[in-house]
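Peer 1: Between the sequences and the hints, there should be enough to build the whole structure, so can you do that?
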Amino acid sequence: MTDFLIIFLGTSILYVFAVSRIEAFVKLLALQGFILFLLVIIDIREINWINIAFLSLETLVMKAVVIPYFLLTVIRKNEIGREVEPYITQFYSVLIACAIFFFGFIAAFWSAKIGAGIKPLYFGVSIVLIIASLFLIINRKRIITHILCYMMLENGIFLLSFSVANEMPMLVNIGVLLDLFVGIYLFVIFFNKIQSMFDGSHIDVLTELKD
Numbered sequence: 015m016t017d018f019l020i021i022f023l024g025t026s027i028l029y030v031f032a033v034s035r036i037e038a039f040v041k042l043l044a045l046q047g048f049i050l051f052l053l054v055i056i057d058i059r060e061i062n063w064i065n066i067a068f069l070s071l072e073t074l075v076m077k078a079v080v081i082p083y084f085l086l087t088v089i090r091k092n093e094i095g096r097e098v099e100p101y102i103t104q105f106y107s108v109l110i111a112c113a114i115f116f117f118g119f120i121a122a123f124w125s126a127k128i129g130a131g132i133k134p135l136y137f138g139v140s141i142v143l144i145i146a147s148l149f150l151i152i153n154r155k156r157i158i159t160h161i162l163c164y165m166m167l168e169n170g171i172f173l174l175s176f177s178v179a180n181e182m183p184m185l186v187n188i189g190v191l192l193d194l195f196v197g198i199y200l201f202v203i204f205f206n207k208i209q210s211m212f213d214g215s216h217i218d219v220l221t222e223l224k225d
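Residue 15 is where the sequence shown starts when you use the numbering used here, and the numbers rise one by one after that.
Please note that the accuracy of each hint is not assured.
DSS-like mimics (lysine-lysine), calculated; alpha carbons at most 25 Å apart, straight line [as the list claims (entries may be wrong)]:
(1) Lys-91 x Lys-155
(2) Lys-91 x Lys-41
(3) Lys-41 x Lys-155
Hints listed in this document are in silico derivations from the structure and should not be mistaken for laboratory results.
Peer 2: Now the structure itself:
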């Protein structure tokens, strides 16, 4: 069951690279949050109800419901439909996504060889999420897309930490959740300010900023 969820989480990257509608991207991030919640519930080894409750709050409530709803509200308020033409065309972006996915399998195979308590499939897919997020941040132009990629990057980091430990310390959980919420909150404020001043939502408007 967990292997299927992890593979499904990894293949969702291909959809992110192929889709151009911003709302579809947000809904996919909500799905990723729900998958992470299922992984927490199914795969956690030591039953600590406090940690399970906090991880459930972090994944199901924040990642799958609250933050996606918050971002959808911003997108609809600013009437953002699709991503503008990226620096690299969609066809070549999908090819790059396939290459990243293949590299993730190599990373999983490498982690399986060295052992050391690392879960290979978790590790490989987390690497895919992190690299794909960084590439999308570089390739996409809309500011709101950068916010979404930042959230997907955090999903990859969350899964990476899950690949080396069955139960993360509560302090780490609080730090990750706070960093995610504050980061997206500031990004959205920044985005709304740019939108109101320049009537645009892609990063080219940043070149017009002056003191």
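Peer 1: All hints, please: hold or fail.
Peer 2: Checked hints:
no. : hint             : result
1   : Lys-91 x Lys-155 : holds, 19 Å
2   : Lys-91 x Lys-41  : holds, 17 Å
3   : Lys-41 x Lys-155 : holds, 20 Å
Violated hints: none; the structure is consistent with every hint.
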